[in-house]
Amino acid sequence: MTRSGGRIAVVTGAAGFLGSHLVEELLDDKDYVEVRILDLRPIDNEIIAGHKGREKLVSVTGSITDAACLTKAFADADVVFHVAALVDWGQRPAHVLHEVNVVGTQTVITACLEQHVPALVFTSTMDVVCWRGKHHRGVTDEQAKVPPTPSQFLYGAYATTKAQAEQEVLAVNGTQLRTCALRVTGMYGERDPYHLPNVMNAAKSGSLAVRLGSPDIVMTHIYVKNVAHAHVCAARELLRADPRCQGRAYLLSETTTAENFWEFFEEFVEAAGYRMPPAWPYIPAWLVILLAYINMALAWVLSPVVTYTPTLTPGAVTGILWSQWFIGTRAKPEFDFQPIITPEEGRARTKQAMLRDLDKSS
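Residue numbering for the sequence shown follows full-length UniProt numbering, beginning at 1 and increasing consecutively.
Subject to a maximum C-alpha distance of 20 Å in a straight line, what follows is the list of computed DMTMM-like cross-link-like pairs (lysine to aspartate or glutamate):
hint: 1; residue 1: LYS204; residue 2: ASP359
hint: 2; residue 1: LYS52; residue 2: ASP31
hint: 3; residue 1: LYS56; residue 2: ASP29
hint: 4; residue 1: LYS56; residue 2: GLU46
hint: 5; residue 1: LYS204; residue 2: ASP357
hint: 6; residue 1: LYS145; residue 2: GLU168
hint: 7; residue 1: LYS351; residue 2: GLU267
Simulated DEER-style distance windows between Cβ atoms:
hint: 8; residue 1: VAL301; residue 2: ILE340; range: 46 to 54 Å
hint: 9; residue 1: ALA271; residue 2: THR342; range: 16 to 24 Å
hint: 10; residue 1: SER214; residue 2: ALA67; range: 43 to 51 Å
hint: 11; residue 1: THR175; residue 2: PRO284; range: 51 to 59 Å
hint: 12; residue 1: ALA209; residue 2: GLU267; range: 15 to 23 Å
hint: 13; residue 1: GLN152; residue 2: TRP286; range: 16 to 24 Å
hint: 14; residue 1: GLU267; residue 2: GLU114; range: 43 to 51 Å
hint: 15; residue 1: LYS52; residue 2: LEU290; range: 49 to 57 Å
hint: 16; residue 1: HIS135; residue 2: PRO193; range: 26 to 34 Å
hint: 17; residue 1: LEU355; residue 2: ALA299; range: 29 to 37 Å
hint: 18; residue 1: GLU99; residue 2: THR342; range: 36 to 44 Å
Read the hints as simulated data drawn from the structure, not as lab findings. Virtual Cβ for every residue (Gly too), placed ideally from N, Cα, C.
Just need the whole structure built from these sequences, with the hints factored in.
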């Protein structure tokens, strides 16, 4: 299904965490002659400066909710990687998440159909199969189920909007547009704007005093460059004559094991010269949730006087209070995905990047 002269790819959310790594992966792929990067802001020049494939880049500044912008960006494209999304842990209104994650995805789908794009790879999340009030331990693709109602999603409005977007992407799969969705598990790596910075900021401020939850609570982790590689593998399969992965969703994992949140980040915190809280005691889940709701109430009370954006929210602590251990069992047999970086190497690279960033800021 590739058009003559080599493949053209579009990456929405190209300036973000995963998006920027996916751009690098595509620049290294000889099958792609043009990589269009679409985002609200330009990609960091440090990422692409000196890159041997940078002449492939075409930058488009705009929103995924802007139909005219997408029409321009998607013209003659072979595949669209829809990475852009608004990630949230209970701090944004549901209607804002819906506008970006659902309406934005609908606009992407429409533009793909109008421009006759052959393939669409959607970046989903394990959050769409995380149920409220339930531990997930060793859950495979075959066992993972999407909650039927919004109130049953562990991650609230964010997960609800991502699940709706995923459903629409998979539903449109057909002869004109082939689609699949990749459910990313706990992602880490260079340029992580989420978990690692929050943990490091807490360590620097001295607020990382005690561990929350339980040592038995575990989560699946995957290195960002392996996630980017999975997207390229999925696109390659979708562009074949009879793709195995069309119309399906896949959990992404790099091992069959999982780790406790605090144990996973301990090596990063200590490499930066800080100390993790002792392994005992843990603050139990019920007390953590209570404190988070008190913190949210405090923000509401103070809102007429001062803008206070709490970091300790029910949504923010959810991930460390419930096990989210997922095992991707379909990605390898159905689109030949295998991690290209070992967990050990991924952590080493992440640690090196973190220390470089700390040196720059000191």
